[in-house]
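Protein chains: 2
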Amino acid sequence: MIDLKLTVEDDGPLYMQLYRRIRGLILSGDLQDGLKMPSKRLLCDQLSLSKTTVETAYGMLLEEGFLHSKPRSGLFVVNPEPIGKAAAQQDVSSSFKDVRSSDHAIDFSLLAVDGDSFPVRLWRAALAESLSLNANAVHQYGDPKGDLSLRVSLAQYLRTSREVSCEPEQIVIGTGISYSVFLLSRILEGITSIAMEENGIAQVKEIFDHHRFHVIPVPLEENELTVNELASRNIRAVYVTPSHRPSGSPMPYSTRQQLLNWAYRLDGYIIEDDYDGEFRYAGKTIPSLQGLDQKGVVIYMGTFSKAFTPALRMNYMVLPVHLAEKLHSKGQILSHPSRPEQWAMQWFMERGHWYRHIRRMRHLYGKKREKLVQTVNAHFPNYVQINGDSAGLHIEMRVKTDRTAEKLIELAAAEGVRVYGAQNERVNRSSGNPKIYLGFGGVNERDMERGVRLLKAAWRDILGE
Amino acid sequence: MIDLKLTVEDDGPLYMQLYRRIRGLILSGDLQDGLKMPSKRLLCDQLSLSKTTVETAYGMLLEEGFLHSKPRSGLFVVNPEPIGKAAAQQDVSSSFKDVRSSDHAIDFSLLAVDGDSFPVRLWRAALAESLSLNANAVHQYGDPKGDLSLRVSLAQYLRTSREVSCEPEQIVIGTGISYSVFLLSRILEGITSIAMEENGIAQVKEIFDHHRFHVIPVPLEENELTVNELASRNIRAVYVTPSHRPSGSPMPYSTRQQLLNWAYRLDGYIIEDDYDGEFRYAGKTIPSLQGLDQKGVVIYMGTFSKAFTPALRMNYMVLPVHLAEKLHSKGQILSHPSRPEQWAMQWFMERGHWYRHIRRMRHLYGKKREKLVQTVNAHFPNYVQINGDSAGLHIEMRVKTDRTAEKLIELAAAEGVRVYGAQNERVNRSSGNPKIYLGFGGVNERDMERGVRLLKAAWRDILGE
Chain V
0 MIDLKLTVED DGPLYMQLYR RIRGLILSGD LQDGLKMPSK RLLCDQLSLS KTTVETAYGM
60 LLEEGFLHSK PRSGLFVVNP EPIGKAAAQQ DVSSSFKDVR SSDHAIDFSL LAVDGDSFPV
120 RLWRAALAES LSLNANAVHQ YGDPKGDLSL RVSLAQYLRT SREVSCEPEQ IVIGTGISYS
180 VFLLSRILEG ITSIAMEENG IAQVKEIFDH HRFHVIPVPL EENELTVNEL ASRNIRAVYV
240 TPSHRPSGSP MPYSTRQQLL NWAYRLDGYI IEDDYDGEFR YAGKTIPSLQ GLDQKGVVIY
300 MGTFSKAFTP ALRMNYMVLP VHLAEKLHSK GQILSHPSRP EQWAMQWFME RGHWYRHIRR
360 MRHLYGKKRE KLVQTVNAHF PNYVQINGDS AGLHIEMRVK TDRTAEKLIE LAAAEGVRVY
420 GAQNERVNRS SGNPKIYLGF GGVNERDMER GVRLLKAAWR DILGE
Chain X
0 MIDLKLTVED DGPLYMQLYR RIRGLILSGD LQDGLKMPSK RLLCDQLSLS KTTVETAYGM
60 LLEEGFLHSK PRSGLFVVNP EPIGKAAAQQ DVSSSFKDVR SSDHAIDFSL LAVDGDSFPV
120 RLWRAALAES LSLNANAVHQ YGDPKGDLSL RVSLAQYLRT SREVSCEPEQ IVIGTGISYS
180 VFLLSRILEG ITSIAMEENG IAQVKEIFDH HRFHVIPVPL EENELTVNEL ASRNIRAVYV
240 TPSHRPSGSP MPYSTRQQLL NWAYRLDGYI IEDDYDGEFR YAGKTIPSLQ GLDQKGVVIY
300 MGTFSKAFTP ALRMNYMVLP VHLAEKLHSK GQILSHPSRP EQWAMQWFME RGHWYRHIRR
360 MRHLYGKKRE KLVQTVNAHF PNYVQINGDS AGLHIEMRVK TDRTAEKLIE LAAAEGVRVY
420 GAQNERVNRS SGNPKIYLGF GGVNERDMER GVRLLKAAWR DILGE
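First to last, the protein sequences are chains V and X. Per numbering that gives the first Met the number 0, residue 0 is the first one in the first sequence, and the count goes up by one each step. Per numbering that gives the first Met the number 0, residue 0 is the first one in the second sequence, and the count goes up by one each step.
No lab work stands behind these hints, which were simulated from the structure alone. Do not rely on the hints blindly, as some may be mistaken.
[Unchecked claim] Footprint (simulated), chain V over chain X, 3 or more residues, beta carbon under 8 Å: (1) 176–183; (2) 306–319; (3) 332–341; (4) 407–417.
Quick reminder that beta carbons are idealized off the backbone N, C-alpha and C, glycines included.
With the hints as constraints, model all of the structure from the sequences given.
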């Protein structure tokens, strides 16, 4: 018997508590597909709740498709694809805290960036000079979407470097991906579910989870997103990183076109996160998916956190025109980065420093990736396979063992090395050897070598089992 | 017959649309207290909605107290105090946009600050020097609550200057009041209504409205908040500006104690917005209400927007310890200002520049207020009464006319002058002559003189009617 009792810590109206409790149990898989729910009357009695409270909660679950009503027999759980208990209960803050202030000796963080290459002197100059240039506006509120001058420079950069098709009016400067997802939760009102590759990185999933979105892992077929799955499950939004998928390869053109056609047909949205699109070390960078969009279905996200620094808390979205207008007319914008730093960034871009900085970082990260791949191959000649192209700020490795990714992460942690898993451990397990992600942006060469040695020690006894 | 039809622009599940529509009509006063609602079946038929949809929406309204059920006779509207149609339909973005980019020749904005006194050279130095000092951390994520060093300096300033009792752990650095209210909407989960003085300023009310709070205007008695009203209406949170109330006077000690006792007794919260607490031009500044709190019921808000500049988008809250912990443990923090600017502010405070800047601004704004009062008195010797102490960044004036504040604002606008009204025009009207607010922070002396002359021309024909 499933325990539906409401806990003391919970808060808000009783129907919301009951709704959240049941939805949580469905998402976690504790309430299985097809399970018959207790009748309203029984639940009222068991939990000492009013009929209205139970009816309201059941009504919300029914309308959102978590329950299904069969005439004359009752309500049943709809749960073809539970997202897994651990994931359902994960807490965004704790995972971020861990990443940010790790106790681990060496952290192959997926978020960290290189510690020695921020152009301190140049940024000092950018701040100082742009402040003087804009001294007459420093006492004024800015445009909530971000200063126009920065949006103009950014639009030009995105057009030439990422083949994004955009006007400054479509750009919203924000204060980080979590804030951007919050904005999307406000303007994508009818959309409650976001599909994501089943090997997507857990931290992104958590951010969506946190802002009322239900994240649905979509299986891969021959390592590609199966677009038919989206259509058949009635999903209307998907999060992708086409320039550099979790596995390391870009999304092929055929999948891009399928995705666009799916979105055109179903009135859906594609959220393209291009956070590391600048970093491709062999051959040309892959143009954005947004640039192929003919009908305004792609929401393009980019950030200054990877190529520049996360300390700035500055990112941006390029919205389809109708969403940009909706955002503005609804007054949903809570905040924006400070104007002096927007001016500094504009100064930095306008004078060509941004292009030069990107080129420099591409070279640096390319070398770091090469070094990491060499080191891993040297220490694990037989038991690890590194997937994907020479791109991005992390590698995906498939480890030959019958243990889970979770176990590998735990063993590594015991040796003082932090490595990462995918969003959906359950799916990982069923599809072969576990996948482990190592970020190299924030790790220097010495620690890289040391970290991989420690990994080898940590996993010595379980490889190849 | 009230039109409950759902409009095309609306979005989200149907029960939410119906719920919002009915709630909106109750808040606006279109559905009056005691009105009998159509039966569920009738509404299903009329709107072609399913029974579940109507039941769910009605259930939410019932549980939140917007409807009341009488056995055997149906559902009735509960609406003792509608907030007024115009207010209910106001849009935060549009009002802010107006303030920020006014077409008016002269804008006595309540948000603007002085345009000539921002210390550009000193802030350049603060940015440059603090960036060099912190160069080794510029590539790292910061503490989501704000950098500890800034919170330490700020706690010290608040203790010595505002008698706020706080530790750095209680401080959250944010990106503006709208963002802070968003955070409160996440951690004050059981609280849906916020009481506010009925003459409170409309822009603040709109921000709360925007973040799922229902703003309840509380009547004044002898110009003071009647705390008994809060208790009798079962309200659990109140927004106040004790150092400088809308009328211009500080909240007397007796009211402060009554409020605290009310909060202790009912497990309530007092949101103290001290946005202009530094600006008192005659006598000592009034210590914060938070400093009197013995049990952690006061949420203290402050900002760098008034005394420094709104372009920085930097403010802060001092939370009771249990709320600070809740905020952190729940991972509700979306964003924070950039670290380089937090470092600059810390540098600025640590070296005593902040104290000197505040003293300088206090002197400047004191002179501006005096000038405005003199100018108004000279041009309206008989028809305008200026209320309140010599404090803050705006004056409240009561205009002797039988027209509404709305009309006065409209006439002024026609002459190219922008002036402001209180949140609750309806209440204003019933309690005598209309009140008009003039901000002086962003207006220079020449425009002040010109603006008041234009007001005189605008109102010539209606004064004393």
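Checked hints:
1. 176–183: Per the Cβ count (3), the hint holds.
2. 306–319: holds (count 6)
3. 332–341: holds (count 9)
4. 407–417: violated (count 0)
In the structure shown, a violation is registered for the earlier hint numbered 4 alone.
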